[in-house]
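Protein chains: 2
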Amino acid sequence: MITALGGGVGASKFLEGLLAIIGQEHLNVVVNTADDITFSGLRISPDVDTIIYRLCGIVDKQKGWGLKGDTFHCLKALGGFGLDTWFNLGDRDLATHILRTSLKQKGFTSSEITSKIAADLGLPDNVSILPMTDADVETWVVTCEGEIHFQEYLVKRKMDIEVNRVTIRGIDQAEPAPGVLEAIKESRVIIICPSNPIISVGPILQVHGIRKALEFSEAKIIGISPLIGGVPLRGPADRLMKGLGLRVSSTQIARLYQDFLDVMVIDTKDSSEAQEINEIGIESFVVNTLMADREKARALATALLSIL
Amino acid sequence: MITALGGGVGASKFLEGLLAIIGQEHLNVVVNTADDITFSGLRISPDVDTIIYRLCGIVDKQKGWGLKGDTFHCLKALGGFGLDTWFNLGDRDLATHILRTSLKQKGFTSSEITSKIAADLGLPDNVSILPMTDADVETWVVTCEGEIHFQEYLVKRKMDIEVNRVTIRGIDQAEPAPGVLEAIKESRVIIICPSNPIISVGPILQVHGIRKALEFSEAKIIGISPLIGGVPLRGPADRLMKGLGLRVSSTQIARLYQDFLDVMVIDTKDSSEAQEINEIGIESFVVNTLMADREKARALATALLSIL
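Just so you know, the protein sequences line up as chains A and B, in that order.
The letter at position 211 of the first sequence is residue 1445 when you use my numbering, and the numbering goes up by one with no holes.
The letter at position 84 of the second sequence is residue 1318 when you use my numbering, and the numbering goes up by one with no holes.
Looking at chain A on its own, in the form it has when it is part of the complex (with noise of 0.2 Å):
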């Protein structure tokens, strides 16, 4: 058994490449879910979402998010009604939200809505997609500006303001959602995937008792950094640690899981950090992680079991 903890694309392209070469094994998604946002009244779970689309083999992969071949008519029509549109709702991506909106009004769980998505749009039976959490959380950002959800720094804003602070609301509350505790502990090697270490997978690790078991995990844990050459492919990891006073390089990544980390894999151009690393207790592994393609991301998933 295999677990994965992250979110966003860069998680899911490395996922696909993962899942290609286990076989049969079982593998857990350990998705964070606090860049979740209501929008237009409809609860939209992006990273989630990303995941599923992914690994069902219909996300949009130019867009790297979203449906492919989707098409945009009711947000065109939402935008006539004067609502927001800079949330990219397409036409079928749509019944997704109205499904999690709905069964959630009905009582479902965050849990029990995604494990009904992923089945319904195919998943492989040995991948389990687990949110972190069954609790509402949402990263929101404080800007000079003032403090705005995550999303809307990312997606309306296209981080194009400095932030100063990272917000996980709801976060105190929140508890593991069924099985994420158990996947952690029984699994033998964990990953955590190249994604945005503060609001990617640090909201994760700030759930009640993860980042516990993560410590006492007997498992491998081998993460990715999410940076090349030290910066972000995309979004905004390279912003939101400077704007926290963190350096930013895999090396801080690196000291971000140090209590739990075994193994960080960094990109080659970032090679001469390898030393750096092995210094604060974490073995280092150089390797071409850009995943240019369904290929490419199959070779670092290979590449990353031969650790073990």
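Only true hints are included.
Straight-line C-alpha distance at most 25 Å; calculated DSS-like pairs for lysine-lysine: (1) A:K1310 / B:K1297; (2) A:K1340 / B:K1310; (3) A:K1390 / A:K1295; (4) A:K1310 / B:K1338; (5) A:K1390 / A:K1302; (6) A:K1310 / B:K1340; (7) A:K1530 / A:K1454; (8) B:K1310 / A:K1302; (9) A:K1338 / B:K1338; (10) B:K1340 / A:K1390; (11) B:K1310 / A:K1310; (12) A:K1295 / B:K1310; (13) B:K1295 / B:K1390; (14) B:K1390 / A:K1340; (15) A:K1340 / B:K1338; (16) A:K1530 / A:K1295; (17) A:K1310 / B:K1302; (18) A:K1350 / B:K1310; (19) A:K1338 / B:K1340; (20) A:K1340 / B:K1340; (21) B:K1295 / A:K1310; (22) B:K1350 / A:K1310; (23) A:K1338 / B:K1310; (24) B:K1310 / A:K1297; (25) B:K1302 / B:K1530.
Because the hints were derived from the structure by calculation, they are not lab data.
Use these hints to put chain B onto chain A, whose structure you have.
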């Protein structure tokens, strides 16, 4: 000032004709909301939407409801999740329902939401669409297979089952929406649209105070029978009347409105009923009521106003 009461495709076609001939005179439309339904968590108000879409010139004229040129990608995807898809929700039409549901959750009333939708879609300034009530009211029909929502009977079952009784859930607590009683009081003419007397006009008349306001109104009150040659053009008026033990005739419909109606407009095919209607103390007016196109609807409206 003119006020019309009704709901459904027949009403919307007539109102389009009426609007074309009244110049700048104000037209209030008191619309049935008892066929509202919650579908996949979205609150849908079919009669309100059908009339707004028609008067804004964006209705699908072939079907009589929905938006012209709409697509159905989201509905198909909802079907993939095993959700009911018998209620036809177009992608652009969905925006109306998402807006309504979202505003309702924020505490806005049906009246406020209806006004916003109408204004945003371009309803002419001299028309007010007034839901009959801001309370949640739903028509259910009692059949030999149990009680089902009216929309399930109409759309899913295609009226293939006998109805023994109609119950309007929530009607006891329903007060008229703001403006409804004033509209009735201040109008020079009140028109009962060619709508189903049981499930379109019936619920409006059961809202607390509306029937009494009609009785005391000084306006000329003119009803248009939805029957042509003794049968409705579409919808279950005949089946429901039969199921309730009523005779299916324009005279019977006139009887249902007897306490407030001044004139009953009937089709030339039903001219034999004119005498009988006169005998119950209601004037009859015989004219061609088939609204095959906008011009015919306009001609019907012109004939109706000529009664004054």
